[in-house]
Every structure is written in C-alpha cells, then in structure tokens.
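6 protein chains.
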Amino acid sequence: MLATFCTLFITIVVLVSSLGNASDPDPLQDFCVAVDDYKAAVFVNGKICKDPKLVTANDFFFSGLNKPGNITSPVGAKVTKVFVDKMPALNSLGISLVRIDYIPKGLNPPHMHPRASEILVVMEGTLYVGFITSNPENPNQMNKLFAKILHPGDVYVFPRGLIHFQYNVGKTNGVAFASLNSQNPGVVTLANALFGSNPSIYSDVLAKAFQVDKKLVDCLQSLPWRQN
Amino acid sequence: MLATFCTLFITIVVLVSSLGNASDPDPLQDFCVAVDDYKAAVFVNGKICKDPKLVTANDFFFSGLNKPGNITSPVGAKVTKVFVDKMPALNSLGISLVRIDYIPKGLNPPHMHPRASEILVVMEGTLYVGFITSNPENPNQMNKLFAKILHPGDVYVFPRGLIHFQYNVGKTNGVAFASLNSQNPGVVTLANALFGSNPSIYSDVLAKAFQVDKKLVDCLQSLPWRQN
Amino acid sequence: MLATFCTLFITIVVLVSSLGNASDPDPLQDFCVAVDDYKAAVFVNGKICKDPKLVTANDFFFSGLNKPGNITSPVGAKVTKVFVDKMPALNSLGISLVRIDYIPKGLNPPHMHPRASEILVVMEGTLYVGFITSNPENPNQMNKLFAKILHPGDVYVFPRGLIHFQYNVGKTNGVAFASLNSQNPGVVTLANALFGSNPSIYSDVLAKAFQVDKKLVDCLQSLPWRQN
Amino acid sequence: MLATFCTLFITIVVLVSSLGNASDPDPLQDFCVAVDDYKAAVFVNGKICKDPKLVTANDFFFSGLNKPGNITSPVGAKVTKVFVDKMPALNSLGISLVRIDYIPKGLNPPHMHPRASEILVVMEGTLYVGFITSNPENPNQMNKLFAKILHPGDVYVFPRGLIHFQYNVGKTNGVAFASLNSQNPGVVTLANALFGSNPSIYSDVLAKAFQVDKKLVDCLQSLPWRQN
Amino acid sequence: MLATFCTLFITIVVLVSSLGNASDPDPLQDFCVAVDDYKAAVFVNGKICKDPKLVTANDFFFSGLNKPGNITSPVGAKVTKVFVDKMPALNSLGISLVRIDYIPKGLNPPHMHPRASEILVVMEGTLYVGFITSNPENPNQMNKLFAKILHPGDVYVFPRGLIHFQYNVGKTNGVAFASLNSQNPGVVTLANALFGSNPSIYSDVLAKAFQVDKKLVDCLQSLPWRQN
Amino acid sequence: MLATFCTLFITIVVLVSSLGNASDPDPLQDFCVAVDDYKAAVFVNGKICKDPKLVTANDFFFSGLNKPGNITSPVGAKVTKVFVDKMPALNSLGISLVRIDYIPKGLNPPHMHPRASEILVVMEGTLYVGFITSNPENPNQMNKLFAKILHPGDVYVFPRGLIHFQYNVGKTNGVAFASLNSQNPGVVTLANALFGSNPSIYSDVLAKAFQVDKKLVDCLQSLPWRQN
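Chains as they are written, first to last, in the working numbering: chain U, 1 to 228; chain F, 1 to 228; chain W, 1 to 228; chain L, 1 to 228; chain D, 1 to 228; chain A, 1 to 228.
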C-alpha cells in the first residue's frame, strides 16, 4: 500500500542542481592551462598544465552562453557550467561561471558547493532564492533561512558550503548568471545525493534522519534522480 | 488523510549531527586566544584575541571528554563539540575536536561541514560510516557512496564539504573521536536545515526537489527538528 | 611648441577602468557582513563584521545591475562595481561582480587587479579583449598578448595581476558582466596611475620608462585623468 | 675522562617523538588519493593522485589504532602516525592523526611540527604537557612555558611550529590521541636533530649554543639517537 | 613628420624592470626542489620536484650576488633575479631575491609583480622610490603616490600588485637587494608590456587610454623594448 | 661535584638567534598599516590597521640597516630584525627582513621560525650554514644536515619550520641579510627555549630527551640565556 502513497507523492523528477563558492590555492605562474584528464598520464590536486609554449588565446575562451540551456529535466531548470573541465585556463585561477535557465516554476533545487562561495545576478524572471545557515549553538533556535524575491538586475550571494536554491516564481522564463570562487567548486544536490547515491545508503539511516517510514525511503531510493 | 500517513511515517526524531573538515588562514603570531563573543565589542573573520599578557595555560585546555555525552535525542547519538566557542585558544590554529556517543542504532545523521575535512577514529562499537561524492559530470552516473563498517581502532576520513554520516550497527554503545581542520568547521544537518529552517522554505521547492507531495513536505516542516 | 603637440596628441580623455582576479583568506564562520568604514572604530585586514544577530537577507542583496551604467567619460565605458564597499556580505567570501557598459569604440582601458583573477561574459556587442603576460625570461622575446574578438555568450578569463582591457569594436553598445575572486580586487588603471598620480612621479622617471621626451610627460601629467 | 662523565650522564636513550599543526592548500576536487612514492614517476608539492575511477572505500580507511604501539625505545613512548604515507586519502585534505602510548615516566620528548598545529586528548594516564613560546621581544623576558597536568578526557592544543612535549607522570600506562592540521605535518625531535644529524653539525656550533664544553657535544654526537 | 617627433621624444631606451611581493600555497613536505622545465615531462602549478633522495646542499645554494649586474640597457639599471628558475629549492617555499644595480640616473622603471609583495634595502646610492595605490573610490581623488628618497641602510616595502619604481638620483652607482614573497613573483614592466607586446595591442586602445595621438602610439610600438 | 663539570662545560653564553620563513594570509586591500600594540584597544590575528587616510610614506620606511648591530652577547652575533613590530606597513604583506652581524667565531645559534621560510645572502665573511630535515620515516636513517660554507654573494634558503644556523668560520667580521615570508615569522632559539623557559620544564623531561644526567639539566637551567 505504501507504493501507492509513494506514487502519489511523486510529482516532479529532480535534476542536478548547480552553483557555489570557495578559496583555491594561489597561482604560481601567469597561467597553468589544464590538460584534459583523458590525455593526462598523471593526476594532481587541480590539473597538470599544458606546455606553456603551446598555449593560445583559445585556451582562455568559451562560447555559447548566449543560448538558453536545454531544459529537459522535470525540475524545469538547466545549469550550464563553465568549470575547469570545460575551460582549461581556469586551472589555478580560482574562479568559474554558470548560466542557469528556468521555466516558470522551474527550480534549481537545494544544493551546496563544497569548495566555493557564489554570487548570482538575475537577467530575466522573478526568482525566490535563499540559503540556510549551519546549526545553531542554541539547540532551540532553528537553522536560519535568508531568502528574498529577486528581479532582473538583482544580485545575491551564497556563502561557501551552505545549502541554497533558486525557484522561478514568475510567469515567464528566468535566466541568471552566477560565478563561484573555485576552478572546480563541486555541486552536491541534496535530494539526489541522499536518495540517489550509488550504492544506496542503508534506508534505516535516512528514515531516522528524515523522521519518516523506511518504506518511504525505499520508495524514494527507487526513483530516478537526474541532474539538472 | 495525509496527516495519517505523515504520522505513520514518523518513527524517530532527528537531532543535530556534527563533525567535518576545512583550511583556515594561517596564524600570524604564536597564538591569538579568542575573547568570548558576549564580551567582544568588535566582530572579525574568526575572533578577536585576548591580551597576550593575560593568557594562561588554562586557555589551551578543555576537559570532560572522558565522559559519554548525554544522549537525549531520538536519533540516539550525541556530539560533544570542542570548537573555538568552547576552547578559545583554537582561534587562528585551524583545528578542532569532537566526541560522539551512540546508543545501539544511534545515528549521527547525514550532515556536512562547510569549512573542514574530518578524520574519525572509533573507540567502541561497530559503525557503518560513509560519504557521498559531488554530482557526476556524466549525468547517468549516480553520486558515489564510499561506505564501510568500522570497528574499534579503525580510522576514516570525510573530505571537506561532502555529506557523511555514522550509524551504530552494533549491539552495544559506540564512541568515536573526530578532528576537523578548522577552528569553527560549521555543521549542516541536512534534514534539519531543509525541513526545519526558520522561516520555512516554500514547500513547493522541497516537494519538487524530493519528488514528493507538498502535503508530505508540510507535514515534515511541522515536526520538531532537534540537534543531536 | 611641445604644448601644441600635446594638444594635438590628445584625442580622448581616459577614465578609470575596472575588473580583475585574486585569492582571499578563507571564511571562519558562515558569514561576516561588513560594517561600513565610516561607522567602524577599528580597521582590519578586510572589514570588521556586523553583529550576526542583526544580519538580514538585505545584507546579501544588491540591485540595479539591469540598468546601463551612466557613461559620461571620454573613454566611452562605465564599470559599475559590486565590491565589498557596496555589498557588505561579500566580506570574507572572496568574490565580487561588475557590469561594464560600452558605447561604440568605448574602451575599458588597460588595467590590472592586484588581488584577483577575472572571468567575463559578453551580453551585447563585439569586444576586442586581451591580456599581456609578464616579462619573458628570454630578453629577446616580447611580452605576449593573448587577445580575441568576443561576441554575445562568449567567455574570457584574465589571470590575476596581468594587464588586460576590453574595446567595443562593434557598431552598437556593448554590455558585459565579470566576476573577480576577491571581495576587494583593487583596480589599477595604468595610464591614470602613471600619469595622474598625486603627487606626480618625477617626469624623468616616466620619460625614461616610456622612451619619450620629458616635455611630453609634463604635458600628460597636466591632463585630467578621470575614472570610468 | 670526559667519556666517564658522558657515560655518567647518559641515563635513557631518546626516541623520535611525534605530533604538531599547520594549514595546507585547499583541495581542488572531492579527493585526490595519493599514489605511493615508490610507484610515482613524478613528485609534486604533496602527492600525485590515484586515477579517481580506481578509488575505493579502502583508500579512506586505516586500522589498528585500538592496539598499543610497541614501546621499544628508552624514552618509553611510541607514536603511531597516520600521515599521508600511511593513509593515502589524506592527500590534499589537510589533516592527520596519531596515537601515542607511554609507559610510566614515558616521554614524548620536546619536538615541533614545521607544518601543523595539534590538538590532543588524553585517554589514559596522567600527562605533564606543555609548549614554549617563541623569543620574547623584551630580551630580559624568558621564553614562556604553558604547561599543565592532564587526566583522561582532558584536551590541550599545541600551536604550529612551537616546541612541545608530553611526559607520563602517573603510575600506569598512558594513551593519547592527537590530530594535526596537515596531511604531512613533519616532526623535528630536537635532541635527535641537533645531536644526531647526518652528517654531524660542527661541535663548536652546539657547544656555543648550549653553553657546554665541546667534549660533551662530541660525546652526545656519538650516542645512538633513535626515533620513538 | 610624426617620425621626427617620435625620434625627438626618444631619449633613453627602457629595459625590463624587476621586483614585487605575494602569498604562495604552503609547502606539504620539508622541501620540493624543482626539476628544470626542459627536463620536465609534466607541468604543474609551481614545479614538479626532484627525487628527494637525490637532493644535495647545492640545490639550496646560489652564488654571484656580490658582483654588480652587467648594465647594458639604456635605462641604466640591471636586475639580477634569483627566482625558482635559477634556484630550484625555492619551489614551494614562497620566497625569492634580487640584486639591483643602478648607474647614476639609472632607473628600475615602473613595474609590478602580479604574485608578490617586496621588501627592499639600499646598499649604496641615493634612490627615489615609490608606489601608487589602486583607483580611489572617490573619482575626484587621484591615485596616491607614496614616495621617498632612500639612502644606504634604508628599507622600503612595495605592496603586492601595485606599480612601483626606483630611480638613482645620486651621483654614484647604486645597489639594492630586495626580497619577494613568491617563488616566482612575475614582473610586468608597464611601458614594455603596453607598447612592446607581441602581437601589438590595437593602437586605438592605447591612444584612447593614454590620451595621445594614434601616430605616437604607432611610433612607440615600433621602438625596441628591452628588459633591464 | 657535577657543578664543577657544569662550570667546566660552560664556555660561552648563548644569545637569542633570529630568522625563518612562512605563508601568511593574503591582503584584502592595498595596505593595512599596523597600529602599535600599546595603542590598540583590540587584538586580532595579525594587527589592526591605522586609518588609511592617515597613512604616509614614512609608514613604509625603516632605516639604519647600514650600521652593524651591537654585538654584546657571548655567542658573538647580533640579529637586527625588521618585523611588523618595527615596520608597521608589513602588516598583511607577508614579508620581513633581518640584518645579521657576526664577529669571528660568532654564531647565530640553531633556531627555527614557526611561520616562515628564509632566504639569506652573505655580504661579508665566511659562514658555515645549514639546516636539518624533519624525522626520517626509516628509523635507522638520521635527520639529514644540508650544510655549506658560504662566501660573499652566496645565497642559501632555509625551509619553513626547520632547524638552521650560521657560524662565522672566517677571520673577519661577517654580515648577512635575510628575508622571511611572514610579517611576524617568530624565532625559537632551541637551547634558550629548552633550557631557559619560564617556568622551567621538569628536568626529568630534558634529561631523558637529551640522554644526560638530571644534574646537568639543573645546571644548564640555572644559566643565563640571553637573546642575540
């Protein structure tokens, strides 16, 4: 019978979310353009560098952020990332960029960046955005939500490692750009990581943590969890 | 009718969890013992320091970690933290410590530390521990869980900013010590932050993110979310 | 007679330019919203923080970047900065943002950021952008220029501390957004700093450095040097 | 005749001591599990990383800290280190751990860690612990010792780069765990480094520095200096 | 006719200048002596390290700074650099050194270091030295010059990333030593980078930035720009 | 009877030694000139800053390093330090300087810097210099000494946190300049800190650590330990 409820509860499939903020080590030369992983014989903290004599202006260049991302996911949002994997010159420079597209009611679901803070500017749409502080020292005080409705031209900042989200509460599509202070900030989409990990976390753990029945956890763990 | 299900699903109340890892700025003098916030006229990144002439050995000292923490929370675990708030000499030194106690089936629920990595050593009990990596570049690949059953004397490490947990799967109480590389690593207990924030996140956001009905979200948001 | 040439040479007045890149110290708490300098009794590396209990969502918010900057300067460009002075929550978070507007032939003149790298995305217009590497080890090899023509949706990155510029070579207005990995990256507009410092640098120094007559230096030092 | 005195003075052979504290560079990915040096074709600051696709939970795991270290050294203490050499996942994470065992009157002799601060918690025994500050600005003021007697459950912190020690003043064996904020904090046991270096420091240097006769230095340099 | 003026304006040829200041990542082992680039199969942020077993005292050694640099350049100054390229043991240690020689009226022309602050001590001669702050927030306030005449034994500090210079205003040769807090601080000699880059910056850009005629820019760009 | 030997052994009184190397946090503005401690109402990691509007060129200036330090100490060396206490503009800039004078057989005794690496250049004299690595992993391998005889113009580097020294083996006075990559590197003169701390370390600890009789320790602890 639980399966019924579980079916009932499912209304939209979550996609991968996206941006954050952090403080990388300093560069030790003008640039250190990354070599693609599949060409690399050696892995290091960060990436190994292309021979500086072979570097050209194209290594510092990326294109296509004028076009909306292709929103195929049920959460109704798409994050187009320009991290060091896509733009090798970001290696050692401590910065990266994303474009986020939202349909009406599109959501960049609650997520956090283990290695970066994030600054976001709204281009189009009306976004409900927020972040939640870490645990209070006083156990009777809840985790604080700092949230706001943003319009075009508005800027908001999400501190490193804290949970945050954006939700398009307007009637038209939304677009935002955001920058993160790491070449590779990482993204942890919370629902996906918790219920869609591989292998699954013991359902006891999640049932106890979320104060729900284990069967609901089993059900949630059986759903598809896709990236946005 | 949902209230019934919601009641049905609730089996255990989650408490706040605890430990993590990070890389603070370097010290600029031998020590900079923190002044308590309530005595501080000024707030800075970190803490302001006590007059060095008034510093004594007691400032570098904390006691009581030989005694089990008082487990009152439904998750069956208690984290006793020694962060800069409790031990002012940690200010500027980039390290801190916790003791964690677990009853059988006690859980330190999924959480992460925005500013620290964590190394844990088991003293007593049998702990199922794990952490989950950030989103995969390949959208068909799930977030990876690196988990293991630990026994006394075993050590595990949780990288900075990633979700992790410990669950006592043994029949006796468990005890672990863990250290984090920040004076104030922060703790974000995920279920608490998501469903227990103040004010609440719009339930639409959480329903879409977790692929569940909004009524379940409303119900979860009405539960007490306590720290462990 | 030199005065004549000086007049002859002058065709457009340069304004101060703007963006850059850098790696700040890590945060030691969730946030440390800056207190305005004029209210601060104490100055520190970075800024002192507002009492955390008084912080609201508005501290993380800035608005107005949807409107073009007011281009009044002869270089034909305006940089609207969102550094920690304008958005106090950036304190300790290691990131900031600018909007740049250009008329046709508008120039964000050669400048560098002592404390940040910069990532730029073009919204409108056709921009000739570039940066120059530091001195070569081989003295017969010149400082390398990495330059490119950018169109809307194109992204470019300028490494920390290197000279860079953008020039609108299109027939319509240009708009770009750029982010820098410091709360306060600093901007050194080279022509302004060299010829418009207060007090002036001895003209001998500049004449020798630029391989020009001292009278030309005197003339340049007598010009108005305004920020853009 | 000096040999006689020298023999007379020697009462216990010192072993290498162990723990400390420091602030490593930040990670640039979720993890960078180290490759063993003997397999590495290339050396870097830190360690090169294992191919991420080959990483398993065992890389984050170490065992055996429940057992006392094997105390064979005359100083009567044994430090069991879990640095990046033993636990490759510590690479890029900025943290490490040690277990220290002491017989009664067992000593972890004066030492320091060039790259880490250290937090220590006592499990068993009664330890006299302390650290010494750096040189005073006022030349008539001595280097300050901050020392204390610790019992089980007590915690103490040793700031980065300062000389510190632990001495078991109780009648039973002692056990402590300590954590250091570097993957590879380094240990400099002072007596060993000064009198047991290879090759030896000119005895003139040590005689003058320690205000003793050169023959005593010669004698000390001829002793075996072993690690604990 | 412009060529004539251009000839007229040229009085002395500028050479490359030299020193600065910055904060590199921390070392993760006692040392990491660099391998020469031409022997390196792999490039990283910084340099890869020599096998530690092969390191000798000579790797930490450099000689010849007792002899004046060979001043062949028209600016009348020579900077002898001891950066990581010349002294491989500087790799990962975050420090470097230069010796600067000046003939009377010799100039170390305006330059900056993208990755370091610099401390300078005068050995011989009378030097006019200074640095210029970044752009003022108040657009009517000019960039500030902090300058001073130095004599033997005088020390001055140039903050990271800011433009600075030294000019020998005495009648005898000058000598200074300076140290920078990066293994590879980088040097950007402003006149050289702006007018001598390869390829050249569009002359429109420089004409507008410097408020001069394009023909003067063309002329300056045709000059030889050599390093000092 | 031991007292006799002890008297016998004492030949020269050691003074405090001086220099080292380290990596401070990055600056967050052009400069942050320190306020003197005795004027400061507040202490922070580093120093609080002078109101920027009141800063002048003199804040970046220090003089007198052309004159030999006044060598009054029995070790026959004098270190004249230019740390942030003497030159307030060093605050937040991560660099400092010393001049060292040596009589023939003058010694800058074994010491280390908890927060800095050091680069040294010899001006006059013949110096035997060296540093010792941290404990070997292989317990049969001794701590390695990297030592060399230096002449004028020679440069040597001492890695952060490692024990090092300089000894004038020439027949004339020696002079060296050294720079350290911290505004406040700290100096721990080992003999002084170990035998001259206040209060004294239990003599048992030192007797065991140095493999000598407790009476020799008592005797050494009763000697005057002065800074050089």
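Check the hints yourself; a few may be wrong.
To be verified - Heads up, simulated BS3-like pairs for lysine-lysine below, C-alpha to C-alpha not over 25 angstroms straight-line:
id	chain 1	residue 1	chain 2	residue 2
1	W	Lys-144	F	Lys-86
2	L	Lys-144	A	Lys-67
3	A	Lys-67	W	Lys-39
4	D	Lys-39	D	Lys-86
5	D	Lys-215	W	Lys-171
6	W	Lys-144	D	Lys-86
7	F	Lys-39	A	Lys-148
8	L	Lys-105	L	Lys-53
9	D	Lys-67	A	Lys-171
10	F	Lys-86	L	Lys-171
11	W	Lys-215	D	Lys-67
12	L	Lys-148	U	Lys-86
13	F	Lys-214	U	Lys-148
14	A	Lys-67	D	Lys-148
15	W	Lys-215	D	Lys-148
16	L	Lys-39	L	Lys-105
17	A	Lys-144	D	Lys-67
18	U	Lys-214	F	Lys-105
19	F	Lys-86	L	Lys-105
20	U	Lys-148	W	Lys-215
21	L	Lys-39	D	Lys-53
22	F	Lys-39	W	Lys-215
23	W	Lys-215	D	Lys-86
24	A	Lys-39	L	Lys-214
25	A	Lys-214	L	Lys-53
26	U	Lys-148	U	Lys-171
27	D	Lys-39	U	Lys-39
28	L	Lys-39	D	Lys-39
29	U	Lys-148	W	Lys-144
30	L	Lys-214	F	Lys-67
31	A	Lys-67	L	Lys-214
32	U	Lys-53	U	Lys-105
33	W	Lys-215	D	Lys-53
34	D	Lys-39	W	Lys-215
35	A	Lys-214	D	Lys-86
36	U	Lys-105	F	Lys-39
These aren't lab readings, by the way, just hints derived from the structure by calculation.
U/Lys-148 paired with U/Lys-171 [C-alpha distance capped at 25 angstroms] = Status holds; Cα separation ~17 angstroms.
Within a Cα-Cα threshold of 25 angstroms, do U/Lys-148 and W/Lys-215 meet the stated pairing?
-> violated (57 angstroms)
Take a quick look at whether U/Lys-53 and U/Lys-105 sit within 25 angstroms of each other, Cα to Cα.
-> Status violated; Cα separation ~49 angstroms.
Pair hint A/Lys-214 and D/Lys-86, alpha-carbon separation not exceeding 25 angstroms | Violated. A/Lys-214 to D/Lys-86 sits at ~49 angstroms, over the 25 angstroms cutoff.
Pair hint W/Lys-144 and D/Lys-86, alpha-carbon separation not exceeding 25 angstroms = holds (22 angstroms)
When you check the alpha-carbon spacing of D/Lys-39 and W/Lys-215, does it fall within 25 angstroms?
-> violated (50 angstroms)
Holds or violated: A/Lys-67 with W/Lys-39, Cα cutoff 25 angstroms?
-> violated (44 angstroms)
Does the alpha-carbon distance linking L/Lys-39 and D/Lys-53 stay inside the 25 angstroms limit?
-> Distance of about 15 angstroms is within 25 angstroms: holds.
Mind checking the alpha carbons of U/Lys-214 and F/Lys-105 for me, to see if they're no more than 25 angstroms apart?
-> holds (14 angstroms)
Is A/Lys-39 close enough to L/Lys-214, meaning Cα to Cα at most 25 angstroms?
-> With Cα atoms ~47 angstroms apart, A/Lys-39 and L/Lys-214 exceed 25 angstroms; violated.
Does the alpha-carbon distance linking F/Lys-214 and U/Lys-148 stay inside the 25 angstroms limit?
-> holds (21 angstroms)
Taking 25 angstroms as the top limit, are the C-alpha atoms of L/Lys-105 and L/Lys-53 close enough?
-> Since the Cα atoms of L/Lys-105 and L/Lys-53 sit roughly 49 angstroms apart, the hinted pair is violated (cutoff 25 angstroms).
Hint check: violations occur at hints 1, 2, 3, 7, 8, 10, 11, 12, 16, 17, 19, 20, 22, 23, 24, 25, 29, 30, 31, 32, 33, 34, 35, 36; the rest are consistent with the structure.
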